[in-house]
Amino acid sequence: MFAHGAAPRRVVVTGMGIACPLGLGVERVWKRLVEGESGIAAIQSFDVKDLTAKIAGQVPVGARAEGKLDLAEWIPVKDQKKMDRFIQLAVVAAVEAVEDSGWLPESEEDRCATGVMIGSGIGGLTTIFESSRLIWEGKHKRVSPFFIPSALINLASGHVSIRYGFKGPNHAVVTACATGVHALGDAARLIAFGDADVMVAGGAEAAVSEIGMAGFCASRALSTAYNDNPAAGSRPWDEGRDGFVMGEGAGVCVLEEYEHAKARGAKIYAEVIGYGMSGDAYHITAPSETGDGAFRSMRAALRSAGVSPEQVQYVNAHGTSTPMGDDLELSAVERLWGDAAPGLAMSSTKSAIGHLLGAAGAVEGIFSILAIRDKVAPPTLNLEKPSRESAIDRVAKVAQERPIEVALSNSFGFGGTNASIVFRAI
Amino acid sequence: MSETAEKVKKIVVEHLGVDEAKVTDDASFIDDLGADSLDTVELVMAFEEAFGVEIPDDAAEKITTVKDAIAYIDGQKA
Chain A
1 MFAHGAAPRR VVVTGMGIAC PLGLGVERVW KRLVEGESGI AAIQSFDVKD
51 LTAKIAGQVP VGARAEGKLD LAEWIPVKDQ KKMDRFIQLA VVAAVEAVED
101 SGWLPESEED RCATGVMIGS GIGGLTTIFE SSRLIWEGKH KRVSPFFIPS
151 ALINLASGHV SIRYGFKGPN HAVVTACATG VHALGDAARL IAFGDADVMV
201 AGGAEAAVSE IGMAGFCASR ALSTAYNDNP AAGSRPWDEG RDGFVMGEGA
251 GVCVLEEYEH AKARGAKIYA EVIGYGMSGD AYHITAPSET GDGAFRSMRA
301 ALRSAGVSPE QVQYVNAHGT STPMGDDLEL SAVERLWGDA APGLAMSSTK
351 SAIGHLLGAA GAVEGIFSIL AIRDKVAPPT LNLEKPSRES AIDRVAKVAQ
401 ERPIEVALSN SFGFGGTNAS IVFRAI
Chain B
1 MSETAEKVKK IVVEHLGVDE AKVTDDASFI DDLGADSLDT VELVMAFEEA
51 FGVEIPDDAA EKITTVKDAI AYIDGQKA
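Sequences listed follow chains A and B, in order.
Its first residue numbered 1, the first sequence is counted upward by one per residue in full-length UniProt numbering.
Its first residue numbered 1, the second sequence is counted upward by one per residue in full-length UniProt numbering.
Heads up, some of the hints might be wrong.
The following label-pair restraints were derived from C-beta to C-beta distances [stated by the list, open to error]:
id, chain 1, residue 1, chain 2, residue 2, range
1, A, E106, B, K62, 22 to 30 Å
2, A, A225, B, L38, 44 to 52 Å
3, A, G138, B, E14, 23 to 31 Å
4, B, A71, A, K141, 39 to 47 Å
5, A, D195, B, K22, 54 to 62 Å
Hints in this document: simulated from the structure, not taken from any laboratory.
Bear in mind that the values here come from a model prediction, so they are computed numbers and not experimental data.
Even for Gly, the Cβ is constructed at its ideal location relative to N, Cα and C.
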């Protein structure tokens, strides 16, 4: 693996793109997030009368100039039908990230050094549902030739590579709600190890559909008590929390080898300094009762970063607003930070956008990078009364100015898969 | 333009996202209108649906231009 004997290379973030319930465009979304706005609303796009959960975070429809999504501005009509919505959202976020980075290589050599790794938790669920309906109706021959490529998770990476001619490693992560962090971390390692100089990496999800909602309703994972007050539904650590609120969207970063970025005069947002992973080996959907998986994931990330807990000023929590998960993560952070806990700010931005599943880690990674850039910890909305006290400041309701130099972002997924990533100011 | 021709051209414009002016009788789906092999499979399915005809694979392979499609469909309807 390391026959050339080279040391791992430094990796920085030079481009970012977001499509999420607070809209399109990193700066607009970040501004709304810091100002405490919510992207959660009643579901209007399909009939929810038979679903227990009736609220979600959906990407707003409208013109790009207003930070909303009109697909025609991003993807030719002919190609839209070849993509499930998760791929469409991935492309939108990738286009923003690539344009932001200014990396549009034209030489064969540069293109071969640029790869893509955009994952998804579930992929083309809605496309699979619609095609199965044709089979059910006996219309086998009506199944579209684009059905399979529209549903496959790695086709997000495929479409982005085709659009820009990126011929480097083409890969996709599938680790449920940990996908986004795994994609950023794995892609950073590909650069560190010399497989690529630039990676377009992140996650995308579009499971706010009848089948997606029905599935998560059935697993009793979703909030159902706030159908009449959607913006209050996602309330991490609050005593009134009763499950997560589904969100859709995509987050994509352009990751780049440090010297490569410097040499072309690229704008550098932050450095990816650490990445850690763990498995719970416990239960298919529940987090381990001790929170040990989360603890080991964060500890591994800090070790790989070479920083101690007191050097980290902000944690973007997985914090989904589920009764069990939130406090387990909090306990794991308290255990790892120990005496340094009082100096830490930790918030859950899922309070504003919901849980974007496979896109969550990528979008929240971007929020962590912006927290470093602007020295601001975004708020945990709806945190009226914590179900338990903690020395850690969970940034209740209002953003806080903080001297943030290093930030860690957590994502944990069904199957007991945990990932943490660490960014530092540069 | 016959009713079939009008309908065929409308379907081609919608499915391939091309300008109406480009969809001439002689236009080849692949060479002139930017379709790939999967696009042509989908196009044939759209013709089947719109005209209520069955186009078997061996016949579909021979439909490469707009006028091929019009002629095949008219032949089936006659």
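Outcome of the hint check:
1. Checked against the hint of 22 to 30 Å, the C-beta distance between E106 (chain A) and K62 (chain B) comes to roughly 40 Å, which is inconsistent with it.
2. Take A225 (chain A) and L38 (chain B): their Cβ atoms lie about 46 Å apart, and the range 44 to 52 Å holds.
3. Our hint of 23 to 31 Å for G138 (chain A) and E14 (chain B) holds, since their Cβ atoms are close to 26 Å apart.
4. Distance hint for A71 (chain B) and K141 (chain A): a CB-CB separation of about 22 Å, inconsistent with the stated range 39 to 47 Å.
5. Taken as a hint, the range 54 to 62 Å is violated for the pair D195 (chain A) and K22 (chain B), whose Cβ atoms sit roughly 42 Å apart.
The structure is inconsistent with the numbered hints 1, 4, 5, although it conforms to all the rest.
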